[in-house]
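Engineer: Make the full structure from the sequences, and use the hints.
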Amino acid sequence: MIFGIVAGSVVSDTKSESLPAAKYLLVQSCDRAGALKDDYLVAIDQLGAGMGEMVLVSQGSSARQTEYTDKKPIDAVIVGIVDLIDEHGKTAYKK
Amino acid sequence: MIFGIVAGSVVSDTKSESLPAAKYLLVQSCDRAGALKDDYLVAIDQLGAGMGEMVLVSQGSSARQTEYTDKKPIDAVIVGIVDLIDEHGKTAYKK
Amino acid sequence: MIFGIVAGSVVSDTKSESLPAAKYLLVQSCDRAGALKDDYLVAIDQLGAGMGEMVLVSQGSSARQTEYTDKKPIDAVIVGIVDLIDEHGKTAYKK
Amino acid sequence: MIFGIVAGSVVSDTKSESLPAAKYLLVQSCDRAGALKDDYLVAIDQLGAGMGEMVLVSQGSSARQTEYTDKKPIDAVIVGIVDLIDEHGKTAYKK
Amino acid sequence: MIFGIVAGSVVSDTKSESLPAAKYLLVQSCDRAGALKDDYLVAIDQLGAGMGEMVLVSQGSSARQTEYTDKKPIDAVIVGIVDLIDEHGKTAYKK
Chain A
1 MIFGIVAGSV
11 VSDTKSESLP
21 AAKYLLVQSC
31 DRAGALKDDY
41 LVAIDQLGAG
51 MGEMVLVSQG
61 SSARQTEYTD
71 KKPIDAVIVG
81 IVDLIDEHGK
91 TAYKK
Chain B
1 MIFGIVAGSV
11 VSDTKSESLP
21 AAKYLLVQSC
31 DRAGALKDDY
41 LVAIDQLGAG
51 MGEMVLVSQG
61 SSARQTEYTD
71 KKPIDAVIVG
81 IVDLIDEHGK
91 TAYKK
Chain C
1 MIFGIVAGSV
11 VSDTKSESLP
21 AAKYLLVQSC
31 DRAGALKDDY
41 LVAIDQLGAG
51 MGEMVLVSQG
61 SSARQTEYTD
71 KKPIDAVIVG
81 IVDLIDEHGK
91 TAYKK
Chain D
1 MIFGIVAGSV
11 VSDTKSESLP
21 AAKYLLVQSC
31 DRAGALKDDY
41 LVAIDQLGAG
51 MGEMVLVSQG
61 SSARQTEYTD
71 KKPIDAVIVG
81 IVDLIDEHGK
91 TAYKK
Chain E
1 MIFGIVAGSV
11 VSDTKSESLP
21 AAKYLLVQSC
31 DRAGALKDDY
41 LVAIDQLGAG
51 MGEMVLVSQG
61 SSARQTEYTD
71 KKPIDAVIVG
81 IVDLIDEHGK
91 TAYKK
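Residue numbers (the numbering used here), protein chains in the order written: chain A, 1 to 95; chain B, 1 to 95; chain C, 1 to 95; chain D, 1 to 95; chain E, 1 to 95.
These are computed hints drawn from the structure, not numbers from a lab.
Source: prediction; values computed, not measured.
Any given hint might turn out to be false.
One copy or two, it doesn't matter: identical chains are merged, so the pair holds either way.
As the list claims (entries may be wrong) - Cross-link-like lysine-lysine pairs, in silico, DSS-like; alpha carbons within 27 Å at most:
| # | residue 1 | residue 2 |
| --- | --- | --- |
| 1 | K71 | K15 |
| 2 | K15 | K95 |
| 3 | K90 | K15 |
| 4 | K23 | K90 |
| 5 | K37 | K71 |
| 6 | K95 | K23 |
Structural biologist: Right, dumping it as structure tokens:
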């Protein structure tokens, strides 16, 4: 899984019938301390992740291994909201 | 899913019998505001995406999870036409 | 799918029994206009793609969705020979 | 598989019900000699990998081929703790 | 498939029970002429590839499509030992 910060949302009225009704969030990649990268993706969220929160994103076929994304053309899903990251005994990130 | 702008179309008369009859669009990668990147791919479209529109592209095995791409050697499909992207409360992109 | 130019062939006498008897082509990545990139891969070809021709390459598990690659340890297959690429109404590439 | 060094751990109280109860480790990519790269990911660990140890990480759908990750939205798992790497007859890394 | 040069071997005593008993080789990426890149991975070998030999590596779920890697958490396997690469009529690499 990779780290990302919830940066916004994406509205798409014309979309594949195969897509689940869900929140499509704009996620900006970040490092383990929350430092932002110039890289964005769109991920499904069912956890209620809020703006600015750090999340864990699972990609590829693994993104389909949830109740909401099973057999859907989804390649990125938020699987966790990060509370704390410990790096070599120090707090790298805290919610 | 990643963002892309529909930039054109691809004609291939000699193609795998496994490929579906569909529109093969030239998609140029872009960021969440539509800024173009020097990176192109070919994606199947069943949504009628028009030239210059921003789309969401699903890749890998997830690209096969639609009625038209099921069990086909397709690794990129357009799953949505983007209407609006909100980034931290501001409109990053509007169709 | 990505674009590539057929650049040659690869001979391997010692190979996995799981591999299909097929042509293993050297494919050089290129952009939508055929401009070459410093990136090579080996892809299975069943279409008779010729030297210098631009092809569409499908990767990952999608590369296994053809009669010849089904359940084989193949992660890249040529799914089409490109005849024409139209970019914003202009011909970006013509065979 | 790629090389990584166990750099810490990740706590996520709000996570997908599909996720297994397991240790979510912060893994920093490294080369075959243990030289660190500026690239982090989160991987499941069931082997008891310790801080600073070099591990092998399997990614993508292959990360789901263990008892603990089967059918879970996990795209990275630690499959081995590295004891020794021999490179052209010399020891590149030793635990 | 990508090109690599067999650079060594990896010993891991503590590994996933799901992993097959096999040789875990250190493979250094290379181009079609054998020029080395600063990129390493670990791949399973069942072909007896020798030190310094150029090999073809299949990645992702395709790496599991062999007798030895079926349903194993393996994302890279050596599927061929390269004897000859012809590039535009010239020998780019010869074993």
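Engineer: Hints first: check each against the structure and report whether it holds.
Structural biologist: Checked hints:
1. K71 with K15: Both. Shortest intra-copy (16 Å) and inter-copy (20 Å) distances satisfy the 27 Å Cα cut-off.
2. K15 with K95: Cα proximity of K15 and K95: across copies only (14 Å, versus 34 Å in one copy).
3. K90 with K15: This pair counts as between: shortest inter-copy Cα distance 23 Å, intra-copy 44 Å.
4. K23 with K90: between (34 Å within a copy, 18 Å between copies)
5. K37 with K71: neither (30 Å within a copy, 30 Å between copies)
6. K95 with K23: So K95 and K23 pass the 27 Å test inside a copy (22 Å) and across (19 Å) alike.
Checked against the numbered hints given earlier, the structure breaks only hint 5 and satisfies all the rest.
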